Structure formats: structure tokens, C-alpha cells
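Visitor: Produce the entire structure from the sequences given, and follow the hints as far as they go.
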Amino acid sequence: QKEVEQNSGPLSVPEGAIASLNCTYSDRGSQSFFWYRQYSGKSPELIMSIYSNGDKEDGRFTAQLNKASQYVSLLIRDSQPSDSATYLCAVNDGYSGYALNFGKGTSLLVTP
Amino acid sequence: DVKVTQSSRYLVKRTGEKVFLECVQDMDHENMFWYRQDPGLGLRLIYFSYDVKMKEKGDIPEGYSVSREKKERFSLILESASTNQTSMYLCASSFFPGNEQFFGPGTRLTVL
Chain A
130 QKEVEQNSGP
140 LSVPEGAIAS
150 LNCTYSDRGS
160 QSFFWYRQYS
170 GKSPELIMSI
180 YSNGDKEDGR
190 FTAQLNKASQ
200 YVSLLIRDSQ
210 PSDSATYLCA
220 VNDGYSGYAL
230 NFGKGTSLLV
240 TP
Chain B
2 DVKVTQSSRY
12 LVKRTGEKVF
22 LECVQDMDHE
32 NMFWYRQDPG
42 LGLRLIYFSY
52 DVKMKEKGDI
62 PEGYSVSREK
72 KERFSLILES
82 ASTNQTSMYL
92 CASSFFPGNE
102 QFFGPGTRLT
112 VL
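Residue numbers (our numbering), protein chains in the order written: chain A, 130 to 241; chain B, 2 to 113.
Misleading hints may appear alongside valid ones.
[Stated by the list, open to error] Distance condition first, Cα-Cα at most 25 Å in a straight line; then the derived PhoX-like pairs of lysine-lysine: (1) B:LYS19 / B:LYS54; (2) B:LYS4 / B:LYS71; (3) A:LYS185 / A:LYS196; (4) B:LYS58 / A:LYS233; (5) A:LYS131 / A:LYS233; (6) B:LYS54 / B:LYS4; (7) A:LYS131 / B:LYS56; (8) A:LYS171 / B:LYS54; (9) B:LYS4 / A:LYS171; (10) B:LYS72 / B:LYS58; (11) B:LYS71 / B:LYS19; (12) A:LYS131 / B:LYS58; (13) B:LYS71 / B:LYS58; (14) B:LYS19 / B:LYS58; (15) B:LYS56 / B:LYS19.
Keep in mind the hints are simulated off the structure, nothing from the lab. Quick caveat: nothing in here was measured; it's all calculated off a predicted structure.
Guide: Written out as C-alpha cells, the structure is:
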């Protein structure tokens with residue numbers, strides 16, 4: 130069973146704080162990892178991709194990958210109310226080679 | 002910018018009707034995907050296609066079929082719509098297998 134696990138939340142953080150979102154996956158063959166942001170009623174929007182162990186930074190976002198622990202995380206610095214959304218973790222499916230396996234998402238609420 | 006468009010944002014159909022959902026991408030992507038998204042269940046893959054006229058079943062293909070006659074267009078067909086197919090349907094495309102996917106705006110289908 131290919132599983133991608135995320136806490137459903139909601140995760141509530143005050144404006145300006147760091148939000149930390151976590152994801153674990155079961156498929157050891159996975160090589161590609163993605164974070165999507167989804168606003169209510171909208172479609173998922175890609176915000177970060179990471180392929181190698183370590184950290185990858187893009188503006189206020191940092192993705193962290195640890196393949197040995199099968200763990201990927203997303204840090205959002207200086208959180209803004211506009212960051213309030215559901216964040217989906219996605220991992221490539223090592224079996225089919227084509228698809229992504231998605232977690233059910235973590236709801237983030239940034240309070241002013 | 003990658004653009005994925007879907008034929009309708011909202012659609013209301015009656016039980017037993019044949020329903021066509023269309024998706025078009027303008028970035029010459031090889032791979033296209035159809036998902037449905039339901040509260041508490043996350044994104045679930047219905048079908049995907051890795052080339053013209055090629056298709057593969059995803060996790061929940063029952064009650065659905067697909068067609069890909071041209072590279073840029075991927076259609077999802079509900080042969081005989083049922084109320085349990087009321088959902089948000091999302092189309093996505095990717096250039097490389099197992100790589101980042103880009104989503105269309107989604108079609109919210111209601112079957113009465």
C-alpha cells in the first residue's frame with residue numbers, strides 16, 4: 130500500500146510565525162517530492178519540488194527531505210493570513226512511474 | 002506558464018446521463034491525469050494517460066472511462082452518472098513521468 134500521511138490539522142499559527150508542515154511516506158522507491166497549496170474551492174497549486182536529501186529554499190518556503198526516515202516537511206516563514214490553505218504533500222509512485230500519491234492535506238490557519 | 006483548462010467549472014446532471022468532462026493542456030505534456038477529490042478522502046486517481054490513445058487505470062476507475070485522441074486533450078466519461086459520482090473532478094498534466102503535475106481549475110459535478 131502506497132501511503133502518504135499528513136496530520137489533517139487544523140494547524141493554527143499567529144501571523145509572522147513559522148508554520149511547520151510534515152509528511153511521511155511508505156514507498157522507499159520514491160524519488161520526487163512535492164508540496165501543493167490548495168485554497169478552499171480551488172485546485173492544487175504547486176509551490177515546491179524537492180528531489181535530494183536536505184533543504185531547499187524558495188522565498189519564505191523551505192522544503193526538507195530525509196529519505197532515510199521517509200520524511201518530508203515544509204516550513205513557511207513569516208506566515209501571512211493569505212497562507213491559510215490546505216497543503217498537500219505528493220510523492221511519485223515508484224511502482225507505476227507516472228503517478229503521484231497525495232496525502233490528504235494539512236489545513237493551515239494563520240491568525241492576524 | 003503551463004495552462005490546463007477544463008470544459009466546465011460547475012455541472013449538474015441527472016442520474017443515468019452520460020457525462021463528458023474535457024481537459025486541455027497547452028504545454029505539450031505527455032502525461033495527463035484525472036482525479037476526483039472528496040472531503041476526507043483526498044485526491045484519488047481515476048485514470049491517467051502517458052501517450053495518445055494510451056491509458057492506464059488508477060485507483061478508482063469503476064464507472065469511468067477516458068479518451069485521448071490528441072496529445073493536448075484528455076476526456077473523462079461517466080457512462081451512466083450516479084449520485085455517488087458527485088464530486089470535484091481535477092485534471093492534471095506533467096511533462097516527465099512521476100514529476101510535478103499542473104492542475105486545471107476543476108469541475109464540480111453534481112448528479113441529481
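Visitor: Against which earlier hints does the structure fall short, listed by number upward?
Guide: 8
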